[in-house]
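Throw the hints in and build the complete structure from the sequences for me.
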Amino acid sequence: FWLHFSPHLFIYALPIRGPTKSRDLLVNLLLAIAKLAIYKTRVRRLADGGFCDCGAYFRSSVRSRIRAEFLWAASTGSLDTFEEQWALSGVLCSVSPSGSLRLTL
1 FWLHFSPHLF IYALPIRGPT KSRDLLVNLL LAIAKLAIYK TRVRRLADGG FCDCGAYFRS
61 SVRSRIRAEF LWAASTGSLD TFEEQWALSG VLCSVSPSGS LRLTL
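Position one of the sequence shown corresponds to residue 1 (the working numbering), numbered consecutively onward.
Don't read these hints as lab results, they were simulated from the structure.
A quick note: this is a predicted structure, and the numbers were derived from the prediction, not measured.
All C-beta atoms in this analysis are idealised placements derived from N, C-alpha and C, irrespective of residue type, glycine included.
Among the clues, some could well be false.
Here are the computed lysine to aspartate or glutamate pairs in the EDC-like style, where the Cα-Cα straight-line distance is at most 20 angstroms [as the list claims (entries may be wrong)]:
{"no.": "1", "residue 1": "K35", "residue 2": "E83"}
{"no.": "2", "residue 1": "K40", "residue 2": "D53"}
{"no.": "3", "residue 1": "K21", "residue 2": "E83"}
{"no.": "4", "residue 1": "K21", "residue 2": "E84"}
{"no.": "5", "residue 1": "K35", "residue 2": "D24"}
{"no.": "6", "residue 1": "K21", "residue 2": "D53"}
{"no.": "7", "residue 1": "K35", "residue 2": "D53"}
Here are the computed distance ranges between Cβ atoms for each label pair [unchecked claim]:
{"no.": "8", "residue 1": "D80", "residue 2": "L29", "range": "34 to 40 angstroms"}
{"no.": "9", "residue 1": "S6", "residue 2": "R102", "range": "26 to 32 angstroms"}
{"no.": "10", "residue 1": "L46", "residue 2": "R17", "range": "34 to 40 angstroms"}
Written out as structure tokens, the structure reads:
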């Protein structure tokens with residue numbers, strides 16, 4: 001899973017292409033969550049001057065989303081689809097043969 005990151009990519013997102021569609025959609029979702037984390041921590045800092053770790057907010061948001069998606073996939077019996085969408089090369093998570101979730105982020 002390799003991707004060249006640039007300010008242009010961060011601002012305009014990644015164009016969705018046929019052969020890498022699932023990767024492109026995942027990258028765009030992660031970019032949106034990163035932008036939200038930056039915005040929320042900035043607003044909090046401006047409002048009350050408190051410190052909030054943007055990276056921790058991002059990781060927490062991504063972990064929560066992955067757990068929610070995993071629980072939904074497990075309840076509907078579509079763990080294969082979950083793995084295709086979220087467990088690309090084991091970068092964010094992986095699913096063990098017994099069907100349990102392992103977060104790597």
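So, going through the hints one by one against the coordinates:
1. K35 with E83: Given that 20 angstroms is the threshold and the Cα spacing comes to 25 angstroms, the pair is violated.
2. K40 with D53: Judged against 20 angstroms, a Cα distance of about 10 angstroms means the pair holds.
3. K21 with E83: The given pair, whose Cα atoms are some 14 angstroms apart, holds under the 20 angstroms limit.
4. K21 with E84: 11 angstroms, holds
5. K35 with D24: 16 angstroms, holds
6. K21 with D53: Given that 20 angstroms is the threshold and the Cα spacing comes to 31 angstroms, the pair is violated.
7. K35 with D53: 14 angstroms, holds
8. D80 with L29: 34 to 40 angstroms: 19 angstroms, violated
9. S6 with R102: 26 to 32 angstroms: With Cβ atoms ~30 angstroms apart, the hint holds.
10. L46 with R17: 34 to 40 angstroms: Taking Cβ atoms as reference, L46 and R17 lie about 38 angstroms apart, which means the hint holds.
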